[in-house]
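Engineer: Residues per chain, in single letters:
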Amino acid sequence: MNRRVFLKQCALWTAGLTLSPPVFRLIPELWAEPRASIVSITEGTDYPALVSKVLGPLGGIQPFVKKGQRVVVKPNIGWDRSPEQGANTHPEVVKTLVRLALDAGAAQVLVFDRPCNEERRCYANSGIKKAVESLGDRRAICTYMDNRKFIPVRIAKGKSINDWEFYKEALEADCYINVPVAKHHGGAGLSLGLKNIMGVIGGFRGKIHFSLGQRIADLNTVLKPHLTVIDATRILLRNGPQGGDLKDVKILNSLIASTDIVAADAYATTLFHLKPEEIESTQAAYQLGLGEMDLKKIKVVKA
Amino acid sequence: MKKRSNKTFPLLYWRRIAQTLFLLLFLVLFRLTDYKGEDQIPYAVNIFFRLDPLVAAAAMLAARALISLLLLSLIVIGLTLILGRFFCGWFCPLGTLLDLFQTVSPLKKEKSNVRRRNWKYLLLGFILLSAFLGFPVVGYFDPFSLLVRGMTLSVDPFFNYTVGSFFDFLYRHGPSFLSQISESIYSFFKDTLLAYNQKFFYLSLLSLLILIAIFALERIERRFWCKNLCPLGGLLALLSRFSWLRGHIQTSCRGCRVCTQICRMEAIDQTGGIASADCNLCLDCLHLCPDKAISFAFKKPEQRPVPLGISRRVFIGTLSSALILPTFLKVRAETKNPDPTLIRPPGAIKENFFLDRCVRCGECMKVCINNALQPCWLEAGMEGLFSPRLVPRIGYCEFNCTLCGQVCPTGAIAKLPLKEKQKTVIGRAYFDRNRCLPYAQGTPCIVCEEHCPTPEKAIKFREALVMNPEGKMVTIKQPYILESLCIGCGICENKCPLEGKAGVLVINNPEGMVLSKIAMF
Ligand code: SF4
Ligand code: SF4
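First to last, the sequence lines map onto chains Y and S. Heads up, the first sequence is in my numbering, so the first residue is 1 and it goes up one at a time. Heads up, the second sequence is in my numbering, so the first residue is 1 and it goes up one at a time.
If you are wondering where the hints come from, they were derived from the structure by calculation, not from laboratory data. There may be inaccurate statements among the hints.
Stated by the list, open to error - Cut-off 16 angstroms, straight-line C-alpha distance, at most; resulting in silico cross-link-like pairs (EDC-like, lysine to aspartate or glutamate):
id, chain 1, residue 1, chain 2, residue 2
1, S, LYS190, S, ASP432
2, S, LYS108, S, ASP269
3, Y, LYS207, S, ASP156
4, Y, LYS67, Y, ASP103
5, S, LYS190, S, ASP168
6, S, LYS419, Y, ASP103
7, S, LYS111, S, GLU183
8, S, LYS108, S, GLU221
9, Y, LYS149, S, GLU499
10, Y, LYS149, S, ASP168
11, Y, LYS67, Y, GLU133
12, Y, LYS130, S, GLU38
13, S, LYS423, Y, ASP245
14, S, LYS109, S, GLU218
15, Y, LYS247, S, GLU456
16, S, LYS190, Y, ASP146
17, S, LYS36, Y, GLU278
18, Y, LYS66, Y, ASP103
19, Y, LYS207, Y, ASP163
20, S, LYS501, S, ASP432
Just chain Y, with the same shape it has in the complex:
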């Protein structure tokens, strides 16, 4: 089954025409990586330039965004914190990705997240809303999420959860770009690419936390980003996921990009002087076959 069939099922289900909730099953070919996973990394202080640079080894934005497509750029806007505090994705990184997608001819670029603090405050304080709006392009929309647009999805491959609500716009995107920020997390160890999926699911998210790592991996079987760009321009070392104390923030001026979300996370883990297998979600996702976590098998390219 492909996305289109799935969406048709969703539509029927929401309209009440069928009683069985839609099942989204990725066909294995779609996510079997033909080549070794490439992780591109780069460093520098000019963040917009850095974004273009880190995409270089992956072929730029063109392989991902085609003319007329609907693109979702999904940053972390979880907290009512300012960019320096390192709890949210850096606004310049988000803005540049949106701009690149627009330049590649996207018909629409949506930016959204489901924050933990009051959403208007998070969108404002993170600087992301303003950054996206400053592009002055009507195709680029930084919107609050609409409660009515969460649809129940069966997670066929899930080991710990088997159904949850997902955001329709995220499932429907032709191109889904995942832009998390790398930071410490009290429960998950680290919050990286896989954890960022928490922003496009509905329901009472607190419930997910009982067996967090496995569940994050389960959720990721439903929605596989076409591209993951991990913002490590500054990373939060302690008191994550929201921080608040600049003493806990370390400036790294780096970005990590990959089409393999697990590989991206595995590499990002090393920035915290940890091993990929110490992060439960990375391990679980690897076991579900979502990507490569063995650093020896990952091709790291310095852009």
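For this one, chain Y is given, so just place chain S with the ligands on it according to the hints.
Structural biologist: Using the frame of chain Y, we list chain S with the ligands on its own:
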């Protein structure tokens, strides 16, 4: 039926225009009492309260201090001494709404009774005296408090819900061309007419019933509330006895007494005397007198003391109840043992000062970004009814927010700079180990710690070896609170994934409350 009293635009129309404009201003300010993307609210959304001399008098008597925020009301006092009760006829949004109600469903026959006119003076006396003695009741009778609170707690959420579910229905079940149109209308409404979020309040029904009662009284007399009950009206009436602008009936009057009939305030007696204490300058009579015999002019008031018509017995009764009731409050159990779940907003001054100063206007509950502030029922004792408290399971106090202190008109909630607010301890959290998952069930859970907003987290973990639900011994992180870091914001209780009662709970912290001196300026 346009009757032109003279060549110029009749004054009566000016009054209607003023009423409309002030009502609109009131509604716009009500809508603006919300987070609008700025940490500071740039408009004086509480301006109506700050103009209100009754609120000023009662709050200052209770606080025994000059509250500079409320000095604006001197303008109204000054104008009333010159113009009379123009406030009630031209300005007061509740008066305007009552007039509007009469236009929509006019009253056929008034069952008037002059003896009721004095109730408002008694009420006024009672309010002021008991405010002085520490029994704050002004908020239950002040017209702005009644109106803003009623709108905040019931009308607005109800309106929001109704409009929202209408568009929701179209979105879910309408054909797509229709839902496309309806969605764009909805988003326009959301930006203008509607509140950002659907809010939920305790006591919303009670607040609605109180409003309904005020309007229902219009079925007995026009402006029943204003003539007989409103203590603010009473205060202004007392001042108006000395006002300079007065209506007069000239000799050209042929005694048809149309004016007596039409006066909404029943200020014109059968002999044609216009009582300045009652007249609210609506100017209906000026416009409708067939002989054009009525004029309004400035005149130095003759010192004719008009008796208020309050019998000694009633007067003494009111006085003594105002004297006795406050004493009863001192011996209630709540005085000795306050409800531990009573958490006041950040910046609230010490409890007894707080209750004195809070005029139950509901502004803080309106503005609270997370719907966290809720009206008290009896948690703060009987006299605390409708005063604000934080209910973490409904909403938590947002770490970077200072809105409630900004809108409080009396300084009951001090306006705190953000840095100070973030350190203000409104309560303390504690774990209920019988419910908290890592303790009660050996299941890992860290949701509270993740959300705790203090830069160094007030929730810490220790590792413990416990038996999990499968009967295996596992090492698990068990959370605990570091009291010295906890500010009682309640986000942990709010986000705790347990259903019903949370595993971490916040109780109040009376010592942490701001001293009253901060609020005085
Ligand atoms: S209680 Fe907290 S969140 Fe609510 S208005 Fe006051 S400061 Fe803001
Ligand atoms: S109330 Fe809870 S979340 Fe708030 S500071 Fe205290 S422990 Fe942290």
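Engineer: Need the list of violated hint numbers for this structure, in ascending order.
Structural biologist: 1, 2, 3, 6, 7, 9, 11, 17
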